[in-house]
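Protein chains in written order, with the numbering used here: chain A, 1 to 164; chain B, 1 to 164.
Treat the hints as calculated values from the structure; they're not laboratory data.
Being a predicted model, the structure only gives us computed values, none of them experimental.
There may be inaccurate statements among the hints.
Where chains are identical, the list cannot tell them apart; a pair therefore holds if satisfied intra-copy or between any two copies.
Computed list of lysine to any residue pairs in SDA-like fashion (alpha-carbon distance at most 25 Å, straight line) [unchecked claim]:
#	residue 1	residue 2
1	K69	R94
2	K134	S160
3	K75	G13
4	K69	S12
5	K120	V142
One-letter residues, chain by chain:
There are 2 protein chains.
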Amino acid sequence: MATSTSAARNSSGEHPFATDLNWLLHRVAAGLGSAQDEAARRHGLGVRDYAVLRTIAEGTPTSQLALGKDLGLDKTTLTAVLDRLEGAGLVVRRPAASDRRTRVCEATESGRDLADRAAKDVSLTEQELLVALKPEEHRLLVTLLRELAFGPFADAAPVSGSCI
Amino acid sequence: MATSTSAARNSSGEHPFATDLNWLLHRVAAGLGSAQDEAARRHGLGVRDYAVLRTIAEGTPTSQLALGKDLGLDKTTLTAVLDRLEGAGLVVRRPAASDRRTRVCEATESGRDLADRAAKDVSLTEQELLVALKPEEHRLLVTLLRELAFGPFADAAPVSGSCI
DNA sequence: TATTGTTATACTCTATAACTATA
DNA sequence: TATAGTTATAGAGTATAACAATA
Numbered sequence: 001m002a003t004s005t006s007a008a009r010n011s012s013g014e015h016p017f018a019t020d021l022n023w024l025l026h027r028v029a030a031g032l033g034s035a036q037d038e039a040a041r042r043h044g045l046g047v048r049d050y051a052v053l054r055t056i057a058e059g060t061p062t063s064q065l066a067l068g069k070d071l072g073l074d075k076t077t078l079t080a081v082l083d084r085l086e087g088a089g090l091v092v093r094r095p096a097a098s099d100r101r102t103r104v105c106e107a108t109e110s111g112r113d114l115a116d117r118a119a120k121d122v123s124l125t126e127q128e129l130l131v132a133l134k135p136e137e138h139r140l141l142v143t144l145l146r147e148l149a150f151g152p153f154a155d156a157a158p159v160s161g162s163c164i
Numbered sequence: 001m002a003t004s005t006s007a008a009r010n011s012s013g014e015h016p017f018a019t020d021l022n023w024l025l026h027r028v029a030a031g032l033g034s035a036q037d038e039a040a041r042r043h044g045l046g047v048r049d050y051a052v053l054r055t056i057a058e059g060t061p062t063s064q065l066a067l068g069k070d071l072g073l074d075k076t077t078l079t080a081v082l083d084r085l086e087g088a089g090l091v092v093r094r095p096a097a098s099d100r101r102t103r104v105c106e107a108t109e110s111g112r113d114l115a116d117r118a119a120k121d122v123s124l125t126e127q128e129l130l131v132a133l134k135p136e137e138h139r140l141l142v143t144l145l146r147e148l149a150f151g152p153f154a155d156a157a158p159v160s161g162s163c164i
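Assemble the whole structure, with the sequences as input and the hints as a guide.
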C-alpha cells in the first residue's frame, strides 16, 4: 500500500504539474525570487527596491510613470518604493524642467554604489542556484523567456507578489 | 531629446531587466497566470482552485498535507481552497481508515468533469499566448524549468501570490 | 479637460499561532 | 509527545478612488 506521507502523483506516477508551464514558472520564480530577496535584504533592500534602484542607477533619468510601465509596477506601488529609496538617500526626485508635473528620478552616488554591490550579491545567488543548468542552457532559458516577456506579455498587467 | 513618455532604458538602449532571469520569470509567470486565471474563472474557479482540483482529479487520493507539499501550498491556504471545492460539490474529504487524523481528498464525478473542461480551456489559452514559440522551443522551456523546479527549488518555500 | 504623482482606504491574501482530534 | 487539520487573527501588499498640481 502507498505510504500516507507520499506526495500526490498522477496515473503515470509523475508529479501532477510536471508539464504545466504556468505552475513551473511560478514555482521557479518563487524559489529564485525569495533567494534573491534574501540576498538583496543583506543590503537593506527588498528585491523590488533592488529592481527599482538598479533601473534608476543604470538607466537614463525618467519619469515615475515610465519607470513603472517598464518594470510592470503600479504607480502607487512605485511611490512607496521611491519614498523608501529617497528616505535612505539612494535616490533623488527632482521636478522635470520641461513638465513640472513629472518628477525625474536619479540615483545618488551612494545609490549607485549600493546598486552595484547588491547586484553582485544577487547575481552570485543566482549562479549558485543555477548550477543545475549548463551556461548555454541558462542563456537559452533567458532567450526563450525574453521572447515571451517582450512579445505577448509586453503589456500584461502589473506583477503582483513581492518578488518583483 | 528623448521623449518624456519613453520607458527607462539602460546605456545600451536595452530594457534594464532584459537579461534578468528573476524579472523575466516573474513577468512571464504573471502574464500567463492572469490569462489562465481568467480562463479558469469562466468555469467558476481561480487558477489555484483549478490547480488543486486537477491534482485531486488526476491523482491518487492523498492527504491534504501531501497535496500541499506537492503543490507548494501552505496547509492553511489549502484548507480554504478545499472548503470552496467541497462546498461546490467538486471534491469530498473523508477520514482515512488507516489514520483518522488525516482526511483523504477525492474528486466527485462533477469535479472530474469540471477539471477536464477547465483544463481544455486553460491549455487553449496557453497555446494562444505561446504562439511566439515554436513547439520544440515550448518543450525546451518546460524541460529547462523542470530541471530547476525539481532540482534546486524542490523544497523551496510555498508559492505566494494568487496565480498558483 | 487630461495627466503626473500622492494620499487614504478598503480589500485580498498569506502565514502564525492556538486549538481539536487522533496517534 | 507529535502529527493532521481547522480556525482566528494580524500583517503585508495591492489596487481603487479621490485629490493636488500642472499642462
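Handout entry: Same-copy or cross-copy closeness of K69 to R94 [CA-CA at most 25 Å]
Key = within (19 Å within a copy, 48 Å between copies)
Exercise for the section: If the cutoff is 25 Å on CA atoms, where do K120 and V142 land: within, between, both or neither? Let me know, please. Expected result: Within one copy only: 19 Å inside, 28 Å across.
Exercise for the section: With 25 Å as the alpha-carbon cut-off, assign the pair K69 and S12 to within, between, both or neither. Expected result: Classified as between; 19 Å across copies, 43 Å inside a copy.
Practice task
Please work out whether the CA atoms of K75 and G13 approach to 25 Å or closer within one copy, between two copies, in both situations, or in neither?
Solution key: between (46 Å within a copy, 23 Å between copies)
Problem - Intra/inter-copy verdict for K134 and S160 if alpha-carbon distance must be at most 25 Å - result: Neither: 30 Å inside a chain and 28 Å across chains, both beyond 25 Å.
Violated hints amount to a single one, hint 2; each of the other numbered hints is respected by the structure.
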